[in-house]
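Chemist: So the protein lines, in turn, are chains A and B.
Count along the first sequence from 1, add 488, and you get the number used in the numbering used here.
Count along the second sequence from 1, add 76, and you get the number used in the numbering used here.
Note that these hints are calculated values from the structure, not bench results.
Just to be clear, a hint being listed does not mean it is correct.
Dumping the calculated DSS-like pairs for lysine-lysine here, alpha-carbon to alpha-carbon at most 27 Å [as the list claims (entries may be wrong)]:
(1) 932/A with 488/B
(2) 937/A with 516/B
(3) 136/B with 231/B
(4) 939/A with 516/B
(5) 584/B with 539/B
(6) 488/B with 937/A
(7) 516/B with 932/A
(8) 763/A with 797/A
(9) 302/B with 624/B
(10) 706/A with 671/A
(11) 706/A with 753/A
(12) 559/B with 844/A
(13) 866/A with 559/B
(14) 937/A with 971/A
(15) 939/A with 488/B
(16) 570/A with 531/A
(17) 672/A with 706/A
(18) 226/B with 258/B
Everything numeric in this text was worked out from a predicted model, so none of it was measured.
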Amino acid sequence: MDTMNEQEYCKKVQEVFEFLLSSSCNIHDDTLYHKLLDSLNGKMITPEFAESCGVIDFLQRAGNNTDISPDTLVFAVQLVEKLVSKLELPGIHLDTMSVLIETVALRTSVDNLSVFCALFTTLTTILQRPCIKEFCLNIDFQDILKKSFDILKEERSIFLSRAVSEFICSLFSSKMAESQEAKKLLKELQTIIVNFDRDGSQRVLSPSMLCSLRVLEKAPHLFNDSFAEILDVLIILMKIGSTQSSTTAARCLHSLCLQCQDRAKSERVKSLVTKAIETVDIVKGLHIAKVLYPLQLLERSSLENIILKPLQMLDKTNHSPAMHSSLPAVSLSLTIVNDCNIQKLEACKCVAEVLKMTENRHDDFTGSGCNSFTGSSKLQIKCLDYLGSYTSKEVMLSVISSISNIVSYITEHMIYGKCLQCLCRLLPEVLCSSCYSSERSTVKSDLSKIKESVQRNFCSVEWEFRDTSCEFVRNLMDKHKDKEGVILWMLDSGFLVFACQAVGDGESYVRATSLSTLQTVLLSSYRTNLLQDMNTTIGEIISQVLDVCKTDSEAFPRRSAARLLHHCLLDLSYLLHPDSIQCIAQCFSTSLPSDFDWEVKLIMVEFWCAILKRCFDADLDKETSDQPLGIVVSLDCLKNEKDGKRGYVSISSAINVLLKLSCDYDPSVSERVCQELCWICETMEKFVLKINSATNDDNRSDWCMCAHCSQLITELLNRMTERKEKTRDDSVFKTDYDSNALSLLDDILLLDRSHDNNDEDNAIDCY
Amino acid sequence: SCLSGNPSKPCFILHFKGVTLMLDCGLDISQVLKFLPLSVVPKSDNYDKKWNHSDKEKDKILGDELKEVAGSVFVDGSLEFCAPEFGMTTLSEVDAILLSNHNTMLALPYVTEYSGFKGTVYCTEPTQQIGRQYMEELVTYVERNPRNKKCSKWKSDAILSSLPTFLREAIRPTAWRECYTKHDIQACLSRVQTVGYNEKRNIYGALIITACSSGYSIGSCNWTIKSPYQKICYISGTSTLTTHPKPMDTEPLRQSDLIIVSSMTKTPGYNPDQMIGEFCMNTVVTIKNGGNVLVPCYPSGMIFDLFECLSSHLDSCGLTTVPLYFLSPVSDSSLAYSNIYAEWLSGSKQSRVYLPEPPFPHAELVSIGRLRQYLNIHDGLQNDFKSPCIVFAGHPSLRMGDVVHFIELWGKSTGNTILFTEPDFPYLEALAPFQPLQMKVCYCPIDTGLSFSQANKLMRDLKPGHLVVAESYVQPPSNLSHKTDMVVDYDPPPLTYKRGEILTLPIKRQFETVEITPNLAKNVSPVEVKPGCMVSMVTAALNIKDNKYTLELLPDGHLSGKKRRADGSLIREKSYIWGSLNIQSFVDALTRQGITDIKVEDTEDGSIIDLPNDDTLIQVEGASTHIICNGEEIVRTKIRDTLLRCLQKL
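Isolated chain A, as found in the complex (with noise of 0.2 Å):
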């Protein structure tokens, strides 16, 4: 900001303020006080320009100012918050803030919440602050721990309640733990918990006894006097109290158990807890070991028995509906066992058995076999989330044949492709196995299975499925590259022929995933086998995909066509007839250009900038150039033909395209040319200064200085001196407020002067 536009600042945030503290201040639009108040926060780089804006004087006079709205005290609270934690403020200012913050506690209503809100949040900020006890010392410090204690007790509202147990805690992490006022509020606490009602009539917590609670839990040492009595309360807590409340007292025993010195309390702890844990219900008992489980207060094998337990109950004998676990307990063991991460057989194993009673199976419609559990996808997608990160080689058969039955009578595509990631991480390791070879062995036929409930999904009438099966594919193309078995299996499945089919198909989404799968199948090791299998070229497959870039009408396709043609262009031109790449380079230099969409033309910059990127290197670096030059890019403008070599597009072609796209409607596409253009100006630059100063024959030949490139070369550099003028003002992407403060402050102004004429009635608001 050049001086006199901070001059005006200055002015016109002293005007707002003298308009915010006016008796007439009517702010109806609160997301004005958020933006001031952001733009304030911006602008405050130093004390001085604070005091010369007039923030000090704001602050001092809405302190001393009876009549102001309750939004501009919240305003000038939070203003407090942000001033004291980004500047280092002298003393005479802490003061005034200070006063302020005395003055509104109380005077203040405590009904008047959000105020209230805002006070505590300032303070629990100021606490962590090492002016705390500076700005202390003009306050009642008293005054305000016991308003805050009688806040929790009288349970006012939840925010506040909430702020205010954030400044208790605060509190006893900061400077003032040590005050005499701390303390005493400390006993208050102790007591509260100390005195909890035991006889189970409390089973929701208080948020005075939830903020003791917290306390405790953050600073156990604090409670060391009343150790056996919070340890007895504690107990009951988690055997008696709701959910919430037992895992709240979980967390609290582990913390006063690390804090424990003396061996034989900790160990009295950790029993207690585990015979507690023993006599709850199952689903609490749940509850309690997911809190427990990262916290190492017990063994986590004896919490892994709790948490599978649910697993283990069920009847495994014949999958019939007999079982013993009621499917929410079921439900939220599989949540645990995946929260937690367990990666241990027995977890594996009881997941699998799971998933094979949830399995939909012929015999569903009949009645036969049926259970509870078929067919739910809740325990379905669980069961899968588990087993597609960690499957044990003792039930991967039975996961493999859970996941064909399931695959075979699907009706919902979540699961569905949940299934495939599954199989997709399962198939090597199946394939290799030495049950895939035995004659006797299920998994022949269940792999049989599975490959055609695939096919018939490459089929389906609903997209999703469809697009989930070229998905598959193209996992399975990627993650497994090198493996042979997999690319084998996939072949003679013939699973590819319909991925690759999909390209003509009527769901965009569809279209692109299977060009995504071409691309795959073009850069996979294997290409010549899988083209072969699918009885195509690369030629017809380029192609195939140019006719996409230029035909067809949804964006998706386009961004997978051309994601390919990149690729294919920079990864296997030597593959490629002159033919397919001289359309490929046209593609690029003359219809995506104009594309709609925006990623697609960023694709294009991409394309351009590695092609020409490698052009540059190659030339700057011979000796570390094995890449055929100008396969695409032209040598003989720009940088002159040479041995032979001709590309399809000259260098100046490829900048010109990319000057155009500069200028480009969509900012996002612009921006990004403009900051190539950088690099690529440096680097013009560089060989201007190579060609000027080249004394042999050979480097002069290289480059041309035409009349044509000359001037393409200045057209470069003048863009970039554009941008940087451009840059220098805010960015473009940033709101009108953003870019120009004046304007908010403007705006509230003008509610001042168009306070007269404001009829509420007629005020909309648009937020």
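Chain A is fixed; fit chain B onto it per the hints.
Modeler: Chain B in isolation, oriented as in the chain A frame:
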């Protein structure tokens, strides 16, 4: 009377208000499965293995009537069909036949041409045309590759009982009939009177019949049969799903005394939407694997939806060049007629007409050459044939039609698929003579008829007084016995029908409209019994003609006013008293009779009159009067006569 054993091919006789109606005239074709297929291209080695009976005597009688194919036994004779039990009634007395849709009229020529039927047949125009196509297709298939040998020896009870189960289960084979002829079809359909939806037709002055849309197929309808005081509805072949026909119209079916339900879905375990999805999916899988798809089908109905869904799905899967071949002797008229019945179609189909576009997309498929129709395999198919392809061909029973040729042609290849969508025939039985079969078999039955839940919901909505359904609809299907919800559930419990059963419907004729001739009216002296209500005694002659009732003066010579008992003694003329008693007038009258010291006490319901001198109490209430006296007859008579005098009389 229920004449048909198959509720999906119903045939009922309804006697109502003196009129005899036949409701539908369905032909159960499933019995043709007992026969060997009629090959389009006869081969000598096909189906020529004679089945030998273990009993040599019987084997001798049987001759070569039965053949064995892949372990199953079939009749090697001309095809026969199981017509309804027409013997249950005198068909010449049937006044009218109401047809619901093309599926339920294939036995019509047996009635109109071979029974002396003199009545009228009512149906909608599309039903008539599509029914004609079905009949013509059937006759063409039977006549085109005839098997002239009529087999009947195997039907004799002695032999039948010793045959394998499949044949032994044949229902009354001795009553099976050979197919009618094209001439019969022409003659039969010339007796049809077409009706429009909601058009009222009077049947001999006794009943008004109306057809209302049933949403099942083009022109399909339900019938309402109304007399002035009763209404019976007949629901047959109804669909609440959104397909190509005009949606079901429920309004005319409300407030009916009784509803008869037939032709519910034959495959309650299969959801039609899912099955269409399965059908499309299996077709595309086969095509993508380079195989051909064979779809046995009827020439109309669901096939239009299949064309639409399949072509769009093929487009979705990028298979826009795969040809669809439609083979039927009536394929041209079927495709053409479907596109001219716009007013009988769903709203969305109708709106296409205003674009203007043909209502069905198959018109476009034909115009671009993607769907090609042929009368038979010799109708130029060889010139155009391109594989892989999808062939729609009749007949779904797989015993006749071009489909037989394609199964024989493609059956040996595992890459091909036969897709069953018509639910009329058990597909495994249909395939039995073609075994061993290598081609893939998929069963995706699509029946848009009412499911049990839809039927129950519909009945809860229509609230008929009584419901009459097939016996099989009140118990779960035999293959899904655990699905207890797959029944028609209604309160009062539905009455059930089955083949050969006569049911008395719980409809009582309580009221009838009677006209009075002017001459008789002149002699009537009505008395007003309450405002706007007048009563009179009438003695007249009741004349009934064309189901109209008229009261006329008694002809001369008849005794008037004197009624006699059976033994000839005169019946004393009775008078009827009415009205409420005026207590004061009654007391005054009693006083005039010499009864004194009368006390009147008002009670909640009326009055109590105390005659202390005669030791009598008279209790007068709204609808009754009690006289409690000490048994003195004179007093009782006096009071009775006084009371009667105080009341009005007719």
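Chemist: Look at each hint and say if it fits the structure.
Modeler: Here's how the hints hold up against the structure:
1. 932/A with 488/B: 25 Å, holds
2. 937/A with 516/B: 15 Å, holds
3. 136/B with 231/B: 14 Å, holds
4. 939/A with 516/B: Holds, because 16 Å separates the two Cα atoms, which is no more than 27 Å.
5. 584/B with 539/B: 18 Å, holds
6. 488/B with 937/A: With Cα atoms ~22 Å apart, residue 488/B and residue 937/A stay inside 27 Å; holds.
7. 516/B with 932/A: 20 Å, holds
8. 763/A with 797/A: 16 Å, holds
9. 302/B with 624/B: It holds: about 15 Å lies between the C-alpha atoms, which stays within 27 Å.
10. 706/A with 671/A: 16 Å, holds
11. 706/A with 753/A: With a Cα-Cα distance of about 19 Å, the restraint between residue 706/A and residue 753/A holds, given a limit of 27 Å.
12. 559/B with 844/A: 24 Å, holds
13. 866/A with 559/B: Given pair residue 866/A, residue 559/B holds - Cα atoms ~25 Å apart, limit 27 Å.
14. 937/A with 971/A: Measuring from Cα to Cα gives roughly 22 Å; hence the hint holds.
15. 939/A with 488/B: Distance ~23 Å between residue 939/A and residue 488/B Cα, so the pair holds.
16. 570/A with 531/A: Holds - the C-alpha atoms of residue 531/A and residue 570/A are around 11 Å apart, at most 27 Å.
17. 672/A with 706/A: 18 Å, holds
18. 226/B with 258/B: 20 Å, holds
Hint compliance for this structure: no hint is broken.
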